[in-house]
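Visitor: Could you put together the complete structure from these sequences and hints?
Chains as they are written, first to last, in the working numbering: chain A, 1 to 245; chain B, 1 to 245; chain C, 1 to 357; chain D, 1 to 357; chain E, 1 to 70; chain F, 1 to 70; chain G, 1 to 183; chain H, 1 to 183.
What the hints contain is simulated information worked out from the structure, not anything from laboratory work.
Just to be clear, a hint being listed does not mean it is correct.
Said to hold, decoys possible - Listed next, the stretches of chain C that the computed footprint assigns to chain B, with coverage defined by at least 3 CB atoms under 8 Å from CB atoms of chain B: (1) 55 to 64; (2) 79 to 93; (3) 193 to 199; (4) 208 to 221.
No experiment lies behind these values; they were computed from the predicted model shown.
Here a beta-carbon is modelled for each residue, glycine too, at the ideal position from N, C-alpha and C.
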Amino acid sequence: MTKVFTRPKSLTDKPFHYCPGCTHGIVHRLVAEAIDELGIREKTIGVAPVGCAVFAYEYFNCDMQEAAHGRAPAVATGIKRVLPDRVVFTYQGDGDLAAIGTAEIVHAATRGENITVIFINNAIYGMTGGQMAPTTLIGQVTATTPYGRDPGKAGYPIRMSEMLATLEGSAYIERVSVHDIKHINQAKRAIKKAFETQLAGKGFSMVEVLSTCPTNWGMTPVEALKWLEQNMIPCYPLGVKKEGK
Amino acid sequence: MTKVFTRPKSLTDKPFHYCPGCTHGIVHRLVAEAIDELGIREKTIGVAPVGCAVFAYEYFNCDMQEAAHGRAPAVATGIKRVLPDRVVFTYQGDGDLAAIGTAEIVHAATRGENITVIFINNAIYGMTGGQMAPTTLIGQVTATTPYGRDPGKAGYPIRMSEMLATLEGSAYIERVSVHDIKHINQAKRAIKKAFETQLAGKGFSMVEVLSTCPTNWGMTPVEALKWLEQNMIPCYPLGVKKEGK
Amino acid sequence: MSKVLMKGNEAIAEAAIQAGCRYFFGYPITPQNEIPAYMAKRLPEVGGCFIQAESEVSAINMVYGAAGAGARVMTSSSSPGISLKQEGLSYIAGAELPCVVVNMVRGGPGLGGIQPAQSDYFQATKGGGHGDYHLVVLAPSTIQEAVDLVMEGFDIADQYRNPVMILGDGMLGQMMEPVEFRPLSSKRELPLKTWATTGYTGDRPRNIINSLFIDPQALEEHVKRIYQKYEEIKKNEVKVECYNCEDAEIIVAAYGTTARIVKSVIQKAKREGINVGLIRPITLWPFPTSTFEEWAQREHVKAFMSVEMSMGQMVEDVRLSVNGRKPVYFYGRTGGMVPEPNAILSEIKKVIGGVSR
Amino acid sequence: MSKVLMKGNEAIAEAAIQAGCRYFFGYPITPQNEIPAYMAKRLPEVGGCFIQAESEVSAINMVYGAAGAGARVMTSSSSPGISLKQEGLSYIAGAELPCVVVNMVRGGPGLGGIQPAQSDYFQATKGGGHGDYHLVVLAPSTIQEAVDLVMEGFDIADQYRNPVMILGDGMLGQMMEPVEFRPLSSKRELPLKTWATTGYTGDRPRNIINSLFIDPQALEEHVKRIYQKYEEIKKNEVKVECYNCEDAEIIVAAYGTTARIVKSVIQKAKREGINVGLIRPITLWPFPTSTFEEWAQREHVKAFMSVEMSMGQMVEDVRLSVNGRKPVYFYGRTGGMVPEPNAILSEIKKVIGGVSR
Amino acid sequence: MCMARVIFDEERCKGCELCTTVCPKGIVVMARDRMNSKGYHPATVIEMDKCIGCAFCARICPDVVIEVEK
Amino acid sequence: MCMARVIFDEERCKGCELCTTVCPKGIVVMARDRMNSKGYHPATVIEMDKCIGCAFCARICPDVVIEVEK
Amino acid sequence: MTHQIIIAGFGGQGIMLMGQLLAYAGMLEGKNVSWLPSYGPEMRGGTANCNVIISDEPVASPIVTEATAVMVMNRPSLDRFEGAVMRGGLLLVNSSLIDKKASRDDIEVCYIPANEIADQLGNSRVANMVMLGSYIAKTGAVSPAFVIESLRKALGPSKEHFITLNEEALKRGAECVKECVRR
Amino acid sequence: MTHQIIIAGFGGQGIMLMGQLLAYAGMLEGKNVSWLPSYGPEMRGGTANCNVIISDEPVASPIVTEATAVMVMNRPSLDRFEGAVMRGGLLLVNSSLIDKKASRDDIEVCYIPANEIADQLGNSRVANMVMLGSYIAKTGAVSPAFVIESLRKALGPSKEHFITLNEEALKRGAECVKECVRR
Ligand SMILES: Cc1ncc(C[n+]2csc(CCOP(=O)(O)OP(=O)(O)O)c2C)c(N)n1
Ligand SMILES: Cc1ncc(C[n+]2csc(CCOP(=O)(O)OP(=O)(O)O)c2C)c(N)n1
Ligand code: SF4
Ligand code: SF4
Ligand code: SF4
Ligand code: SF4
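Guide: Written out as structure tokens, the structure reads:
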């Protein structure tokens, strides 16, 4: 018998600290698989965010930098400009990328910075205990929208992929989900393609992954996947948002 | 004989400090005229940026706050939340709004903050002596793109109006120009409409005004208007980008 | 009024509301998340407004706008977030706007950790932002004191048109104690906010909130005027607790949570026949310099020791105050480690041994 | 090598390039705009890379990334922009990354003005960011010294893996003086950057650039290790100039541009028969404490006076060093006003009058 | 009969049950009878001979608990 | 003949010449013979009787130098 | 008299609530009290513990380093906090989940089958109240009536039906502690 | 000997360049020199001035408060800087643009019709070089040859044809200064 599914080499042995059923783990694995398959682990440098994925540097088996909250695209820019032949990726949550890090992601994209961004949209701030994210759905109850997100006061969910797709420097942007096997496979293809975009020197690539936070959504992991499918996807349509040149 | 054209009441008597032929002056006047015509001067609070318009608080004859560089939308948010029945506007350059203030403008827009933004796109940093702005055209020579803006290194011109139009909270966004009388008149209509949008409580409104910086472009004022028409408009198409509900 | 048992963070939020604060702009960060969460829940009930800003930078600038519009307004954060607010704080001080800013300090530098620390003392008291300015810095030691100081903090801010910082730490924010929301003991005559930008109807000069003075002479005058205000604050607002200082051989300087631990140590020391005093600055700026000066002149006081959850920051202000009259020692833990009573006591014994040798 | 006449800002930029700096991330702000402009022009010529970042926050985080990748990298700004970099600086210090940061100080607080000032001393030396850390702060007084210190600054940064700040002011940045780009007099053995994230090929442990230590004990150990490094720096890197101190009745402490003005004053005073000395800290952190200690013990020195373009910041470090042995006075102008020689002299005379009375 | 096998690194399992929802054969279940050292009931396969080696369980597992052989 | 008049606040003029480019009658010119205290040659109208009061000059003037009567 | 208490267990066992109820009850009795949680970055599945002080004197440090009593609800907590009990102090062990015995002989140890009793009551989630009942009965630190009043406050009026269950749990905990053995 | 010079005029009159050429020439002569501009926020139309020091000693403060010589190219500069000339010092006034006379009588004042001379040379933009020529001739602070060498550096090789014009301007300035009157 041969192994048909095994732990990717680009993950360390360290068990994830994520909550049970948290899809951060799935996406970590997909990223690692893509890196393995492209054979680029030795030349990949990852940038971890501040968010639940803050310990990503302990999981990805490549050189890593831990960025300040929201600044991963700037940090990645610094690395990539020094080492243009290396592969540089960031892994960021929606608080990190779509709130405090808005300027950094917009300008990395408009600069056409040749990096890959893995963007975890779980509609909430996980690490700090379930506050509203810019991606929180209308009506969604969080620690800082106790009466449900009211767009009149707290604004509307932000579609980062669509917004960044308007920028000339973005080369490849796709939104995927990991709520079932079919979508996990599609997510994997997208992530791989994002890295390939970078390898081809085409510029900024980003994959937005709709994800769950069972803990702060107050659901079981299984319920959370269902909620994602039923509530997030209608608000955040899946698919390729940009595919350049 | 009656006055058919006179200094608007919403401008103080103070002469502008702007360079000869700088269109900041035109836009100031248009804003003041709109405020006059809507009869809202007494309930208007303006927010000045850091940029050549930093002294705007000396020119607009209403209560004013001077914001930190890029933060005018946040300052305006603070004011508007405290005084929801007042009219609050910001006046910002492209360094202020499209570079350091990216996060603030994106989130004011996505929050549907009921404020009006006058956005001066002159493709350069005026006050600091002619550095590249995010809006600088490809090939344009500036103090920090001495070899011309190379998108491979310094990125692409950013179209803020188009980008912000993707956000649900933005109610009215139009791009105008002031390079001739016809366009000045159109700019005036747009600015007035932006204030009306706020008065109607519809949410975030912004008018992007293509403008000149003869000094840092190294042109006479007359040449600069021509350059604007011939070079900026093709890159920044005029027109309404968003008109909501 | 009766006492309620509350978390420090929640009590601080409630105190702000009771002080008339109706606007809160913040961004999540451990260990102060209960403050925005409480505000998000309570402010709509009292007709106020809570916004979760897109960042700490935005939050402090929303505070600027709201304060300039005449409102009582607060923000809170913890160390890295407070660093991001430094430009804004400098602007607020420069434009002379009143507001209250809470820093529930955690271990640093960088991302550091989330356990309690006092390593933002320098940043808070010397001006983490650029230029000549000061925050009024209040360092509560109990939740009751936190509540009282928040309420008074809003008054101080309004009276002097200056930002006030509440410097707590993760422990103070997370612990629960009984607390009473009571009217301030001293009522201040607060000036009307005639300077606020509320609309220029012509019945007063046009109001401008600003910190730009392009003429250096004008800027210098502006700064000097602010510094005259600071002299007033130094004269009127110093708060300090002296505990067991009479007959003390050694006086410990400690603030906030650390001061509580030192009190435990003092009781312990007493049982062992050692007389230890505590000077607990409640205002870190203005610093209770003269209190230290006075005790430094007492014969029985042989030495001072600053105990902090840092690598040694307040100790500089202690040294400046003691000014060479007596030796000043330091003991600290940092990075989220809390000094243990026994360790402090043994440091004290070492110093006493050394001094009397 | 021959001398060239250069603006301070441009000379600093060129010095960085000569020191092997190939990456610059910055954002425009007066009065340092010549630095990014020069870098934008020169870096492509030497195979380097200039990026005008979208903000100072981004710039300092690009520096973090590039430094972590092993490059010599610089950023520069002026006061408000430096405030925005405080979080990033704290991260860089926490992650122990070498880099050089230039602050061409202007008047504050807030937007303030654009004329030269020294009112960011506290921010630079005490840690404007959160947590326990220090920058090495170098304060050149001439353009030649600026050039030399920038070049050595990169070495210091690399040797200790710590950010180095060049603290200038608008005047130093804007003026021209002859300058020579010469090799450093002392060559250091610099450690290889084996810790840099350049790709994990397996021939070394996996490299991680990080400042997060969730376990407080680990964070404390980390901080203490950094502070041991600081002790090394204090031992090895203090730089100070003593000028005319022998026989001086009064010693003035001044740094940077102000020290130049004080030298003019000293010459003037000499002509009037007054003996004034100058201690000019070149490293503001580590501060030349022992130099002050030594001179404070001399009989002939009756007093110290700190002269600054601020409301009084370095004076605290002077007091801490003198530690009560002699009185310490302060004279300052701020907000972009430059102290006039005559005014300084008359302050000196007042002090001498007071002390000898 | 398909020659396939799944191996659970039970210590890593957090009992989230996601794997149990995707198995086309319905053979992945939670081992209610035992707990790992983290206090979770681990997932397991009861009728291994039914396994077709599709690796769905492995692919959805957020904690990389499962290896599949075929 | 159109009864219209433009009035220049010459001290405010910065000599940018924009007004001269938009006048449909071509009557706005720079007064090369004089300078205001800021050192600029101000704009002026030579043949006022040709003015139709369209206010184009006023509308493009960045410094609100011009008033128009009709 | 000063009670210095440490309570520890898994997250989800109601550790924090136990401490808060104790503190609240102490406050209702007019004592000085404090409650201090340990807080960490993990959202779920971590360990939880808190310090409670109930005292006639004002509370100086809220940190308990020498506990008059420690309650451990799971095995790792026993290992970690057994040493924190002061000489002569009290250790309460949830014997339902902890098969090990305590190792010190200078303290009093009681084994409370808290989960078993809770299961008997039909709701394993009240194991914490069983343990609390034992503690109160053993030490008299606060009166059970005040604990119930506190619980009523904490749960809100809608959960009145839970109160009876919790009251019962407290009582059963109190009864069971009588079997406690001094070693 | 220390020359402490202030040069002032409109932005655009080449004030800054005058100062830089002086400093550069001083450096080429082996003197210690410094050049300090005043800088402001306005991009255009403001006034411009700079301080130059040329000295045998190392330059302490680069700020000139008591000038050995002041050159004013426009009227506002005369008003502002006349007082900065040290007793016995030199004031050079661009009489083409300044109709007023200096008011002090404890200094030497020369009136140079710099713009007129420049216009005669066919390029009003070299008025600054005329003024510089006068200053150099009057004080001998630096040699004209070094000024020309400096100019060559500043302009770059492509502008060689300008050099002759500037040389001529320097010379004419030098000549005209002979008519200077001590008041
Ligand atoms: C400057 C700063 N602000 C705030 C924080 C606190 N913080 C840590 S993680 C986080 C949000 C994380 O949310 P998200 O990016 O959505 O990631 P998730 O945890 O959901 O994966 C915040 C606000 C911080 N560490 N630094
Ligand atoms: C935090 C901060 N960074 C930088 C500056 C310097 N600065 C002043 S204005 C300006 C840019 C202005 O450009 P823009 O917004 O395009 O306006 P314009 O001057 O062209 O009207 C900059 C970078 C500052 N004052 N504060
Ligand atoms: S808090 Fe949410 S995002 Fe974070 S690890 Fe837990 S489930 Fe995942
Ligand atoms: S620098 Fe440019 S934008 Fe600024 S006032 Fe002058 S012309 Fe206008
Ligand atoms: S998906 Fe993984 S972690 Fe979840 S129950 Fe199955 S094996 Fe365990
Ligand atoms: S447009 Fe205005 S400022 Fe320009 S020349 Fe005409 S009147 Fe003067």
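Visitor: Confirm or reject each hint.
Guide: Here is how each hint holds up against the structure:
1. 55 to 64: holds (count 8)
2. 79 to 93: Holds, because 3 residues of the segment 79 to 93 of chain C bring their Cβ atoms closer than 8 Å to Cβ atoms of chain B.
3. 193 to 199: Coverage by chain B holds for the segment 193 to 199 of chain C (3 residues, Cβ < 8 Å).
4. 208 to 221: holds (count 5)
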